[in-house]
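Enquirer: Each chain, letter by letter, is given below.
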Amino acid sequence: MISRSSLARNAQKAACRSWAAQPLQRRAFAAAANTGAFESSDVSGLKVASRDAHGPTTKLAIVAKAGTRYQPLPGLAVGLEEFAFKNTQRRSALRITRESELLGGQLNASHTREAVVLQASFLREDLPYFAELLAEVVSSTKYTTHEFHEDVERVLHHKQATFNADVNALALDNAHAVAFHAGLGAPLYPTPSTPYQKYLNEEYIASYADVVYTKPNIALVAEGAPSQDLSKWVGQFFKDVPSASQSGQSLKVEASKYYGGEQRTSHTGGNAVVIAFPGSEVSNAKPEIAVLAALLGGQSSIKWSSGYSLLAKATAGTAGLSVTTSNLAYSDAGLLAIQLSGPAASVRKGAEATVKALESIANGSVSKEDVAKAVANAKFNVLDSAQQPDAALHLAGSGIVNTGSPYDIAGSVKAIEAVTADALKTTAKALLDGKATVSTVGDLFVLPYAEEIGLRV
Amino acid sequence: MVSLAPYVLKRPWLSRILKPVASWYVGASGYRKLGLRYDDLMEEERESVQIALKRLSSKESYDRIYRIRRAVQCSYQHKLLPKSEWTKPEEDVSYLQHIIDQVEAEIAEKDALDTASVIKKH
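Residue numbers (the UniProt record's numbering), protein chains in the order written: chain A, 1 to 457; chain B, 1 to 122.
This is chain A alone, in the form it adopts within the complex (with noise of 0.2 Å):
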């Protein structure tokens, strides 16, 4: 039998409950009206940029321009992340690691060809312990030399080990090399066979982060705290961030130049060709680009069918073939890339049919909806990539530091919108008759030239 007492204790309950959701609700309904893109701020030299969807947790992140590109010797960039959340002058790496842990953030250090980024995610309300994390981080590591041989070293060669097994990443990061030489060409990853030891060590990585972690060099960019909130913890611990590099050195940044070429590497773990042409940056200064990577495609968007893309169509009925098609935005140059792997045979029928394709753009004979379908799915794609929240991060913090302002998403939609059937034609013909880039990885007794599927290098 149930007595009114408990009837009444459990609709009390119920009010509070609903009572206590009613917040939660409002927010829901403000972020609904928010427009998604990062307001930025400059706190006493620091550039800040930050969204905030009411949600429970918070991301916030560095964004230093640090990444393989500006590395003056090999690996730098990969030491510096190895030395990310390691001692700092005020505590232990694991004294991070244990309180991170027990507020239940999560610490998460990547570098890419440009940039450096040091990640924290975590519940809205500890937002300051991890500004001044971060902070820490950056102004106060030791770089010891016992944590470089024991930790950075030991994860290093992992990564080289894991990053040579994979002929995806590797064909891909030859790509790089052939197209751009140094700079963008550099490698994620110093090769096995780079003598490293000569060029990395932890002095020189702490000269390295000397000269990249400075107040103009970064952008701290957060999702999901209130810009006011992040100004005043960002005024108080981020003090200690130099303005310029205490040795007076600076970063050597050279513009990019597209070279191009055919690179072949014999490997036994796969087979990889990345057809390469010189794409568009970041701030899609050649829409064109993006809406030819989505029409090239390759993987497709629906279930049970290959879809429209023209990749996609063409190699259905290859087995074990896998294609995508993306235009890797780098802040001064791109690379248009068509990535293929799988068995030696699909790969040699599939990197024909990519040339069969680029010449049916270039001749026209691609249908108007095609094209429109095209120009849907890369509107999609950049407003994808804009909303996923570690990828937003990352996009808007390199607009940052490479340009002063998070990118302007809105404006390349419009521009992606803009684009016609014709000057995808012409932009296709642009590119099959400028030099191709052609990167191979595999078993090269079946995998074809770049002369043999018709590209110029």
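Careful, some of the hints might be misleading.
Stated by the list, open to error - EDC-like mimics (lysine to aspartate or glutamate), calculated; alpha carbons at most 20 Å apart, straight line:
{"no.": "1", "chain 1": "B", "residue 1": "K120", "chain 2": "A", "residue 2": "E125"}
{"no.": "2", "chain 1": "B", "residue 1": "K110", "chain 2": "A", "residue 2": "D151"}
{"no.": "3", "chain 1": "B", "residue 1": "K110", "chain 2": "A", "residue 2": "E147"}
{"no.": "4", "chain 1": "B", "residue 1": "K54", "chain 2": "A", "residue 2": "E150"}
{"no.": "5", "chain 1": "B", "residue 1": "K54", "chain 2": "A", "residue 2": "E147"}
{"no.": "6", "chain 1": "B", "residue 1": "K121", "chain 2": "A", "residue 2": "E101"}
{"no.": "7", "chain 1": "B", "residue 1": "K54", "chain 2": "A", "residue 2": "E99"}
{"no.": "8", "chain 1": "A", "residue 1": "K142", "chain 2": "B", "residue 2": "E104"}
{"no.": "9", "chain 1": "A", "residue 1": "K232", "chain 2": "A", "residue 2": "E136"}
{"no.": "10", "chain 1": "B", "residue 1": "K59", "chain 2": "A", "residue 2": "E150"}
{"no.": "11", "chain 1": "B", "residue 1": "K121", "chain 2": "A", "residue 2": "E150"}
{"no.": "12", "chain 1": "B", "residue 1": "K121", "chain 2": "A", "residue 2": "E99"}
{"no.": "13", "chain 1": "B", "residue 1": "K59", "chain 2": "A", "residue 2": "E203"}
{"no.": "14", "chain 1": "B", "residue 1": "K54", "chain 2": "A", "residue 2": "D151"}
{"no.": "15", "chain 1": "A", "residue 1": "K435", "chain 2": "A", "residue 2": "E369"}
{"no.": "16", "chain 1": "B", "residue 1": "K121", "chain 2": "A", "residue 2": "E125"}
{"no.": "17", "chain 1": "A", "residue 1": "K142", "chain 2": "B", "residue 2": "E109"}
{"no.": "18", "chain 1": "B", "residue 1": "K120", "chain 2": "A", "residue 2": "E101"}
{"no.": "19", "chain 1": "A", "residue 1": "K435", "chain 2": "A", "residue 2": "E359"}
{"no.": "20", "chain 1": "B", "residue 1": "K110", "chain 2": "A", "residue 2": "E202"}
{"no.": "21", "chain 1": "B", "residue 1": "K54", "chain 2": "B", "residue 2": "E44"}
{"no.": "22", "chain 1": "B", "residue 1": "K110", "chain 2": "A", "residue 2": "E203"}
{"no.": "23", "chain 1": "A", "residue 1": "K142", "chain 2": "B", "residue 2": "E106"}
{"no.": "24", "chain 1": "B", "residue 1": "K59", "chain 2": "A", "residue 2": "E147"}
{"no.": "25", "chain 1": "B", "residue 1": "K54", "chain 2": "A", "residue 2": "E202"}
{"no.": "26", "chain 1": "A", "residue 1": "K142", "chain 2": "B", "residue 2": "E44"}
{"no.": "27", "chain 1": "A", "residue 1": "K435", "chain 2": "A", "residue 2": "E281"}
{"no.": "28", "chain 1": "A", "residue 1": "K373", "chain 2": "A", "residue 2": "D332"}
{"no.": "29", "chain 1": "B", "residue 1": "K59", "chain 2": "A", "residue 2": "E202"}
{"no.": "30", "chain 1": "B", "residue 1": "K120", "chain 2": "A", "residue 2": "E153"}
{"no.": "31", "chain 1": "A", "residue 1": "K252", "chain 2": "A", "residue 2": "D210"}
{"no.": "32", "chain 1": "B", "residue 1": "K110", "chain 2": "A", "residue 2": "E150"}
Since the hints were derived computationally from the structure, they do not count as laboratory data.
Since the structure of chain A is provided, determine the placement of chain B on it from the hints.
Expert: Below, chain B without anything else, positioned relative to chain A:
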């Protein structure tokens, strides 16, 4: 381990009085006559010392092994080194102790964190 050394070192007058006695005692303990340094005598059968030894630079590590082997050789032969090769007081510097202290602090911190109890304040 209880040591009076910090107490003595805090008082300059006391350390001035005791310094000659200490120097005599170190000389009398005899390790310098075998060409060793004080830090060569650290017992290796401890986790912290093992880790600390790995953190020595290759030069320091080589020199340490050399001194120990030379001392063992002397010990076999029941001889001392010629006086010119004895460790001079100014050469007898600590090269390992600070690393051991650092490693021990790391281990202590790890133990403390492993047994930490969380008090929620909110």
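Enquirer: If a hint holds in the structure, say so; if it doesn't, say that too.
Expert: Okay, the hints, checked on the actual structure:
no.	hint	in the structure
1	B/K120 - A/E125	14 Å, holds
2	B/K110 - A/D151	17 Å, holds
3	B/K110 - A/E147	16 Å, holds
4	B/K54 - A/E150	10 Å, holds
5	B/K54 - A/E147	12 Å, holds
6	B/K121 - A/E101	17 Å, holds
7	B/K54 - A/E99	28 Å, violated
8	A/K142 - B/E104	18 Å, holds
9	A/K232 - A/E136	16 Å, holds
10	B/K59 - A/E150	18 Å, holds
11	B/K121 - A/E150	37 Å, violated
12	B/K121 - A/E99	15 Å, holds
13	B/K59 - A/E203	18 Å, holds
14	B/K54 - A/D151	13 Å, holds
15	A/K435 - A/E369	30 Å, violated
16	B/K121 - A/E125	13 Å, holds
17	A/K142 - B/E109	18 Å, holds
18	B/K120 - A/E101	14 Å, holds
19	A/K435 - A/E359	15 Å, holds
20	B/K110 - A/E202	24 Å, violated
21	B/K54 - B/E44	11 Å, holds
22	B/K110 - A/E203	27 Å, violated
23	A/K142 - B/E106	15 Å, holds
24	B/K59 - A/E147	19 Å, holds
25	B/K54 - A/E202	17 Å, holds
26	A/K142 - B/E44	27 Å, violated
27	A/K435 - A/E281	18 Å, holds
28	A/K373 - A/D332	28 Å, violated
29	B/K59 - A/E202	18 Å, holds
30	B/K120 - A/E153	38 Å, violated
31	A/K252 - A/D210	14 Å, holds
32	B/K110 - A/E150	17 Å, holds
When each numbered hint is compared with the structure, violations occur for hints 7, 11, 15, 20, 22, 26, 28 and 30.
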